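Take the sequences, apply the hints, and build the full model.
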Amino acid sequence: MYRKQHIATVSVVMILIVAALAAAETTRKEMHFKVGRRANISIVNQYGPISVKPGVGKRVSVTATSYSGKVEIDQSKRGNRVSVVSHLLQGADADSGRVDYEVVVPMDANVTLHTATGPLHIEKLHGDLLLEGSTANVDVRDVSAGRVHVKTLNGPVTLTNVNDAYVEITSVSGDVSLHEVNGASVHVNSSSGKIHYDGEFGEGGQYSLTSHSGDIEAIAPSFASIEVVARSVQGRVDNDFILQPEHTSFVTRAGSAFAGTVGQAASSVNLLSFSGKIHLKKREQ
Amino acid sequence: MIERAKQGNAEAFEALYNLHKRRVYSLCLRMTANTAAAEDLTQEAFLQLFRKIGTFRGESAFSTWLHRMAVNVVLMQLRKKGLPVVPLEENIETEEESPRKELGGDDPRLAGSIDRMQLQRSIESLPPGYRMIFLLHDVEGYEHNEIAEMVGCSIGNSKSQLHKARMKLREILKTSRAEKATKP
Amino acid sequence: MTCEEFERVLPELGSNHSIEQEEHLKSCSACSDLVSDLNAISKQGRLLRASEEPSPWVWNSIEVALRQEGLIREQPGILRVHPARLSWKLRWLVPAAAAGLIFFGVLLHERGGIPAHEAKQESPVGVVTADLQAEGMPREDMQLLNSVAARTPSMRDAYEQNLRAVNAYIHDAEQSAHNDPNDEVAQQYLRNAYEQKAMVYEMALDRSLQ
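These protein sequences, in sequence, are chains A, B and C.
The numbering used here applies: residue 1 is where the first sequence begins, and numbers increase by one.
The numbering used here applies: residue 1 is where the second sequence begins, and numbers increase by one.
The numbering used here applies: residue 1 is where the third sequence begins, and numbers increase by one.
I should point out that these hints are in silico values taken from the structure, not numbers from a laboratory.
Given the structure is predicted, the values throughout are model-derived calculations rather than measurements.
Glycine included, every Cβ here is placed at the ideal spot set by N, Cα and C.
Some clues are possibly wrong.
Claimed, not checked - Listed below are several chain C residues computed to face chain B (Cβ distance under 8 Å; list not exhaustive): (1) D37; (2) A40; (3) Q44; (4) R46; (5) R49; (6) E53; (7) S55; (8) W59; (9) R73.
Shown next as structure tokens:
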């Protein structure tokens, strides 16, 4: 019994020492900038999450938490442009080089985020957004009236409630999910990542969901107003809608290609894959 | 490796390039503050080196020889642009370039509060002559005798220019810190 | 010793001070602060050393020039593929990747495709299908992966995996376009595939991420 107590005590002490050492290395840096209309904010952070939310007034606040001395936070402000960079020092890796960012910006700010591992999160902004992450999980929600441009190798991308926007997503093998995404132009280009769209294909926009081998699933309401073209060279193609035929040079082929219109055909929808499956589904009301 | 490069071995050239590219590029980048210009100068420095590699006899360290080429390439570029390079005489400097002497001032110390980015920006605003000496000595770690040989000045001049560069940087950093402190 | 006298000898001072200089530093906070500041600047300067790298095209240009000037001589008994054409492609592939490759796709569409026997010589993407080397990847891709491995070793595998996916896309898209040069959808696949490859290169060579 005495031995067990001794082991427990030593374990607790060891844990406390490790925690203290870890805490000693943790550094929190706060930066504040005054900006004008449509400021340009850029964060470059190889390792670690970046979260961007709107704030009140014309201020940008950046809180950066680092966990070792192997990374420095460099900041600069030139005119209406703010730049924050996590500068990795010799010997830094994904753990020691990690920095967590929490950023508050004006709603009309244009934001550019570059990362390798991320994750990246942006919400409730109206400006232009560029998110680039190699393997980062990308999450954009409640955004409107700007451009949303996402580039990723194999990080999953999720856009939710994005309206009145120009959306462009290029993903090699990361899955792309769009929920209630509508705009003048929505363009998704994937190699092997799956594409999932669940929305109205609204605003009389041009929607293009294309992949090499990733499956494409598009869910639209029965009242959707679309002119649709879908084709997969080697994969199966299914459609739940009754399409009005249209005069087009596009060659339809049962099971692998279809084309036609639904309702007033206000929006144009292209669903193209080389070897992935395509399914245009009707949402049950 | 140098002997194999002299015989025209492609891998040897590439290995020499990979071994030294960072230092050469870093020097060119800090002198020009422009990545495209720095890459052009890096390319030119290595090409000059490889063209003359047959004449290298080992009188100095290969890296010193290479960096002397790089410095020459950068200096030629500065001269083309009409920018002043390292003055050979001690007292050739303008009013603006000369750092103010601040004896007896009661500013708090800079030590412990120098931001890397701030220092980088401050270096960019140094006159090219001071900048070159500071980069070669404090950033790249060359000794004054090596710098004197590379740049073509005396050892005393190299030390003097370095001191003035550091004093100027101190002045810039303090001014920048004072400006930040007064901003709302 | 006065402050003026001290500052006069300061450029020559190393880490060893004379007794007189030490005494002055102990008694004069201004000169002591000055020395401390200058040392801090020097120390911080060292941290700026050589952290950036030039882009791969710099070496490619150097190599091309060395070969043209005859400074690189082929070693006897070693079979070597002339890299100049491939290096040229790598050099222009990166900075003009998106625009150049998409332009090629448009050109292909306007010309109604190219005959099969010309495809491999004219098409820069022909490098992907016709020029595969060891490990099944084109030389430019291997160079890119080496560049990624040199800067961020942990990302090399992710880039290799994604490059393979994109190369497969380009391969299928090329075949599709070749089979029916008038097929607009096939042209769209090709443009998309090129766009993917351009993006991978752009991300790999992005120096803002070290």
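Results for each hint:
1. The interface hint given for D37 (chain C) is met, as the beta carbon of that residue sits about 4 Å from the closest beta carbon of chain B, less than 8 Å.
2. Because the beta carbon of A40 (chain C) sits about 4 Å from the nearest beta carbon in chain B, less than 8 Å, this interface hint is met.
3. Nearest Cβ of chain B to the Cβ of Q44 (chain C): about 5 Å, under the 8 Å cut. The hint holds.
4. Proximity of R46 (chain C) to chain B holds as hinted, the smallest CB-CB distance being about 7 Å (cut-off 8 Å).
5. Annotation: interface hint on R49 (chain C) holds; nearest CB of chain B at approximately 5 Å, less than 8 Å.
6. Using the Cβ-Cβ criterion of 8 Å, the hint placing E53 (chain C) at the interface with chain B is satisfied: the shortest such distance is roughly 6 Å.
7. Interface hint status for S55 (chain C): upheld, as the beta-carbon distance to the closest one in chain B is roughly 7 Å, under 8 Å.
8. Using the Cβ-Cβ criterion of 8 Å, the hint placing W59 (chain C) at the interface with chain B is satisfied: the shortest such distance is roughly 6 Å.
9. Hint on R73 (chain C) holds. Least Cβ distance to chain B is approximately 3 Å, under the 8 Å limit.
Checked against the numbered hints given earlier, this structure breaks none of them.
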